[in-house]
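**Student:** Required output: the full structure, derived from the provided sequences and hints.
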Amino acid sequence: GENVEQHPSTLSVQEGDSAVIKCTYSDSASNYFPWYKQELGKGPQLIIDIRSNVGEKKDQRIAVTLNKTAKHFSLHITETQPEDSAVYFCAASLGNYQLIWGAGTKLIIKP
Amino acid sequence: GAGVSQTPSNKVTEKGKYVELRCDPISGHTALYWYRQSLGQGPEFLIYFQGTGAADDSGLPNDRFFAVRPEGSVSTLKIQRTERGDSAVYLCASSPGGTGNTIYFGEGSWLTVV
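Order-wise, the sequence lines are chains S and E.
Residues in the first sequence are numbered from 7 upward in steps of one, following the numbering used here.
Residues in the second sequence are numbered from 297 upward in steps of one, following the numbering used here.
To be clear, the hints were calculated from the coordinates, so they are not data collected in a lab.
Be aware that one or more of the hints could be misleading.
What the hints assert, rightly or not - To give a feel for the contact side, a few chain S residues facing chain E, derived at Cβ under 10 Å: (1) P40; (2) Y42; (3) Q44; (4) G47; (5) K48; (6) G49; (7) L52; (8) G61; (9) E62; (10) F95; (11) Y103; (12) Q104; (13) G110; (14) I114; (15) P117.
Ideal Cβ positions, reconstructed from N, Cα and C, are used throughout, including at glycine.
**Tutor:** So, in structure tokens, the structure goes:
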């Protein structure tokens, strides 16, 4: 079955710098890749997603890139701010209802 | 409401008691999901509804767990004879239906079994 690996488990960056979180997936048939942000005590919030027919998608300071050949996708956050501190999860889907989740990355923004 | 609504937000119950957790999905969303999340881990799939029927309940850990969605909107997750190991956040999510749709989560119901 599908497996998603996420790295790093913890990432600490200086405020204003960029942060990159990487995920790899095992099933080449996966075609939908969402990223969720989860703040303490809250549910996961979708921040950006990408489908397999697109190589890159950007929304203000957040971007996601997808390399289908290498089977990996990455989240890029530029000009990080304190409110970006949270746990970020990547996921992959075969286009059905099932999401296969990464283990999460705790992002710490240092002032 | 605009988002997925879950009640209660927090529930403390004694071991052995029965618990019901309610989810009100985004209006018009035919697909509804229940996940469970323990501290420091990602969401764990429990059950998926398409309309009124449970299309996949393979994630339910045992027969103490049951979920219903009688009218294709609100869903209730029911846990019988609760155990301390059931303590977790129970997340509900919904999507417009079909395949490849974005899934939106509620804030979760924090269950503590003492």
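**Student:** For every hint, state whether the structure bears it out.
**Tutor:** Do the hints match the structure? See the list:
At its closest, the beta carbon of P40 (chain S) sits 7 Å from a beta carbon of chain E; the interface hint therefore holds under the 10 Å criterion. Interface hint at Y42 (chain S): satisfied, since its Cβ lies 8 Å from the closest Cβ of chain E, which is below the 10 Å cut-off. For Q44 (chain S), the shortest C-beta to C-beta distance to chain E is roughly 9 Å, which falls under 10 Å, so the interface hint holds. Checking G47 (chain S) against chain E: minimum C-beta separation of about 8 Å stays under 10 Å; hint holds.
The closest approach between the C-beta of K48 (chain S) and any C-beta of chain E is roughly 6 Å, which is under the 10 Å cut-off, so the hint is satisfied. Look at G49 (chain S): its Cβ gets to within about 4 Å of chain E, closer than 10 Å, so that hint holds up. Satisfaction of the interface hint for L52 (chain S) is found here, the shortest Cβ-Cβ separation to chain E being roughly 6 Å, below the 10 Å cut-off. The interface hint given for G61 (chain S) is broken, as the beta carbon of that residue sits about 18 Å from the closest beta carbon of chain E, more than 10 Å.
Against a cut-off of 10 Å between C-beta atoms, the interface hint on E62 (chain S) is violated, since the closest Cβ of chain E lies about 18 Å away. Residue-level restraint check for F95 (chain S) holds (minimum Cβ-Cβ distance to chain E is 6 Å; threshold 10 Å). Satisfaction of the interface hint for Y103 (chain S) is found here, the shortest Cβ-Cβ separation to chain E being roughly 5 Å, below the 10 Å cut-off. The beta carbon of Q104 (chain S) comes within 7 Å of a beta carbon in chain E, closer than 10 Å, and the hint placing it at the interface holds.
The restraint placing G110 (chain S) at the interface with chain E holds, with a minimum CB-CB distance near 5 Å, inside the 10 Å limit. Given the 10 Å rule on beta carbons, the hint for I114 (chain S) is violated: about 15 Å separates it from the nearest Cβ of chain E. About 24 Å separates the beta-carbon of P117 (chain S) from the nearest beta-carbon of chain E, more than 10 Å, and the hint is not met.
Hint check: violations occur at hints 8, 9, 14 and 15; the rest are consistent with the structure.
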